[in-house]
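Could you build the full structure based on these sequences and the hints that come with them?
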Amino acid sequence: MQISKKINVTNIVIWIVLAVMLLFTMTPIIFMISASMMERNQIMRMPFSWIPESFNRENFIKAVAGNDQSYIFVRNLSNSLFVSSTVAITTVLIASLTGYGLAKFRFRGRNTIFIMIMATMMIPFEAIMIPLYMVVMMLRIQNTYTGLILPFLVSAFGVFQMRQYLTTFPTEFLDAARVDGMGEFGIYWRIVLPNCMPVIATLSILSFRSQWDNLLWPLLVSQTKEMKTIPQYISTFALERNTDEGAMMAAALLASIPMFILFMSLTKYFIGGAAIYESRKG
Amino acid sequence: MKRSIALVLMATLLIPFSLFAQGGKEAVVDENAPVTVQYWTHEDPARTDLENELIATFMAQNPNITVVRTTQSSAKQIELVQTAFAANQGPDMFNLPIENQYAYITNYRVAPVDYQAAGYANKQDLLDNYVEGVLDTVTVDGEVYGLPLELTNWAIYVNKKIFRDAGLNPETDYPKTWEEMADVSEKLVIRDGDILIRRGFDFRYPYYLTFFVPMVEQLGGELISSDGKQAIVNDDAWIKALTYMQEWGPSGRNLGSPTYKNARKLFNLDNNDIAMAHSGLYQEGRIEADNPEFFESGEWMVIPYPVFEDAVRDVASCYYGHFFMVNIDSDPAVQKAAWKLAGFLLSHGEDYLTRGGNIIQPTKALFASDTLKNMPYSDVFINDMGRAHMIYYGANSAEIQTQIRYAVESVMLSGVSPQKALATLRSAVQEIIDEQ
Amino acid sequence: MGMKKYRGIEKKQARWGFFFVVPSLLFFSLFSFYPIINAFYTSLFDKRALSKAPPDFLGLGNYIRLFDPSRAASELSFLNSLRATLVFTVGTFIPLLILSLLLAVFISNLSSRKAKKFLQIAYYTPAILSSVVAATIWMIIFDPRGLGNQWVNTLMNTPGVDHRWLVDPVMEQVSTMVIYFWKYIGYFIILFITGLASIPSTIYEAATIDGATKNQVFWRITLPLLKPTVVLVSVMAMLQCLKTFSTQYMLYTNGAPRAPINVITFNIYVTGIQQQYLGRASAMSVVLFLLMLVLTLLQFKTTNSEQVEY
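Residue numbers (the working numbering), protein chains in the order written: chain A, 1 to 282; chain B, 283 to 718; chain C, 719 to 1028.
Among the hints, a few may not be true.
[Unchecked claim] Capping the alpha-carbon separation at 27 Å, the derived lysine-lysine pairs in BS3-like fashion look like this:
{"id": "1", "chain 1": "A", "residue 1": "Lys62", "chain 2": "B", "residue 2": "Lys622"}
{"id": "2", "chain 1": "A", "residue 1": "Lys225", "chain 2": "B", "residue 2": "Lys702"}
{"id": "3", "chain 1": "B", "residue 1": "Lys358", "chain 2": "C", "residue 2": "Lys770"}
{"id": "4", "chain 1": "C", "residue 1": "Lys932", "chain 2": "C", "residue 2": "Lys945"}
{"id": "5", "chain 1": "A", "residue 1": "Lys104", "chain 2": "C", "residue 2": "Lys1019"}
{"id": "6", "chain 1": "B", "residue 1": "Lys622", "chain 2": "A", "residue 2": "Lys225"}
{"id": "7", "chain 1": "C", "residue 1": "Lys945", "chain 2": "A", "residue 2": "Lys268"}
[What the hints assert, rightly or not] Quick list of the computed label-pair ranges, beta carbon to beta carbon:
{"id": "8", "chain 1": "A", "residue 1": "Met46", "chain 2": "C", "residue 2": "Asp786", "range": "45 to 53 Å"}
{"id": "9", "chain 1": "B", "residue 1": "Pro345", "chain 2": "A", "residue 2": "Tyr71", "range": "29 to 37 Å"}
{"id": "10", "chain 1": "B", "residue 1": "Arg535", "chain 2": "C", "residue 2": "Ala790", "range": "28 to 36 Å"}
If you're looking for bench data, these hints aren't it; they were derived computationally from the structure. Even for Gly, the Cβ is constructed at its ideal location relative to N, Cα and C.
Rendered as structure tokens:
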């Protein structure tokens, strides 16, 4: 009797904490959705009313057509999708290859290489932006997709994750394949890669997201409007129209939709990092 | 095995070269050989429309010249041009606010005007075409380094409806002095507790060199002494101006602050948010684009930049310029083509004024034209220009502006005393000019 | 003979291993090592962005200038940036670490699978928005007329007070922390849930049979076993905080004062990109790099993180 009462109190406290947190994380998002449908003067009214008086279609038209009616939004959105997916794919391929090499082969300098790659995680992007820009200029790839993608082909964090995952990969499988006469690259491609799907999923999502979020680099590299990415579009839009909160929120919402869709369809891999370990245990 | 490593190495390094080798600048000697001019400018929708049209005409007239026009938001443009130049890959032709652009001259990054290519017989011919003294800014050692795309000064836009709403007569009660500006604003504001729902006037905050330095000068102060050696002349003037800003801010009379929405953009909406805003003639076109009804209603007007009651000098808000400049490292043929383009664009001053973003190009012809005289309130701007001078444009003026921003913000928002803020400002600015 | 053949295979394998690592090595050489070496080299010179003249060699002059105590009075100095970075990192990293662990434990202990999944999704959602979108939303919330004031004034029953979210030096720092915390809490909760899920349930069963209370289980079993995750999460969260840039940048470009939020990365950006002091900015970059390196090594060392064996 006594015990169950105590547990109830703890449970209530836990639920309150969880609910407060829920409120905190969700309200700004609900605010964005709600404000995207509102007239400007309703957004800035005190107190704020959450239900839009009417659906203000104008906001979305402005957001997509842009300030100059060029509908460059669509192109910018596709650019972001293309760059982010490419980076996700290359990161997975190169990181898994490197991670495999570091985890399962013994060669001289292996640890040094691993530590050096890890150390690059400590380099803030702002610190190397200018030399990096010079590299891109030297390769003459400014204002191209290559220029947007190349500096992010693989990430140190990806290598780290892959190596950690593959360290515990059963070596017997590899040896068995070698006995069967499979080539080393074949082993990587047909045995190692298919067996790290959970970590691949998580890693590709992370890489996709980091490019989706990248503002600073495209600012430097994309010169023409056609080569800009969606964060640039939003920041320019916000600067030029910075009184029109409704259209701004509409642009923000539209720009977030691809990510929402990805999130909803791949929830398992976003939040199911646990899946990596669970699948390993089984 | 070694060979395969070498192969991978080479392949990785070569792929980018082989696939994306276009865009390089090859040396061209022939005048009629095809050249490409990279022209970077800041975004302004009305001007973009006009320039795209003009550039199409220009390219039709000069089939060997291709112009690639690239726009960025004005704040970003400053950083991008500098980064590109730092990597020795600057655009062929570009424009920036003069306080940011001047350093390109002092660092030998831009070429002197090619008078013939730009359509002038010689230097004197060019000077004769422009308003007296305008080109002094970009003249170094007798050479002119830029052609003005625009010369802009700010006056005060007034929403008459809000004046009447507060029981004031806009035609007579508009503020002539800074003291009146604060008092009138006090009558115009609507607050909910400390929160301003409607503001009277508010400053255009980050641009302190444009509006704040003239306020100091009205009181007899100077940013840099005339010999260029001493920073912050006449402490009393500075302290009085800083105290005025302190009084303006949330810890004083609470009339406005940098966190509220940009006043000049709110002004166009005519939404009972702001009664007065600081802006240039180009604002008229923006009002018309954003809110044609308000533009036509005649419920707005423009008044001169106020002065302090005990001012010792009559100084209006500074004017600033954007100049077309040409990269000295571009190929000579490209430079020539760029000056040709600049000259061509600038020969359409009236188009820029009427439909290219309402910007003023300071040619004698335009200043004498009816087009300018017929622009609403253009007389206010022209008069104020006569009371004003060019913005401070040393090699590090952008950094000095940052320091002034910091000083004003610290008195307005962080409760720092004007004396202390001034001392910090002085040592920072002194160091900057000593380094030059 | 057999030994020799074995050796041969090993050697061949070693080559393959190296071969697999080559693409990454090339990549990091060009896009990480070269730029940071370049930054270190530049930090020894008085290099200005626009100057074409060969820069003056300063030796450690740039570094001496950064740590010059007589400059500490200016709030735009590097020493003040160190302070701002430290305040931001501590103020964001500690709540992030503690709350994400706490919430992860709460969520993991829920019996309803649906509730578990729903909460994870809800907490993670801010993380999928881009920083630009996040900053745009929060700037409207922190507007004097926005939701921020309305909420706080309703909660504390202080009508009409402007809390100056983006202008008061203290509030401005709090605001950046709130935005950051909001964006990353879900991500770290997920990492902890992952860590918790990796602890075999048999251990808990054994502990419960031994009569341990929930509290005891948490402190004596869960936490020690979770140590690798704690180390990983704390290193990641800390590096993330030290690298913070876009939030501060967005607030500043929209009119907020710079001094309180002039974190190192932002100072690098302003000094190197907006102003022209590439040498000085490079010196700051090198200091930040070393700072991150040392803090990470220290963290790994003090927590002595060998893999926990179950």
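Give me the numbers of the hints this structure contradicts, sorted from smallest to largest.
Per hint list: 1 and 2 violated.
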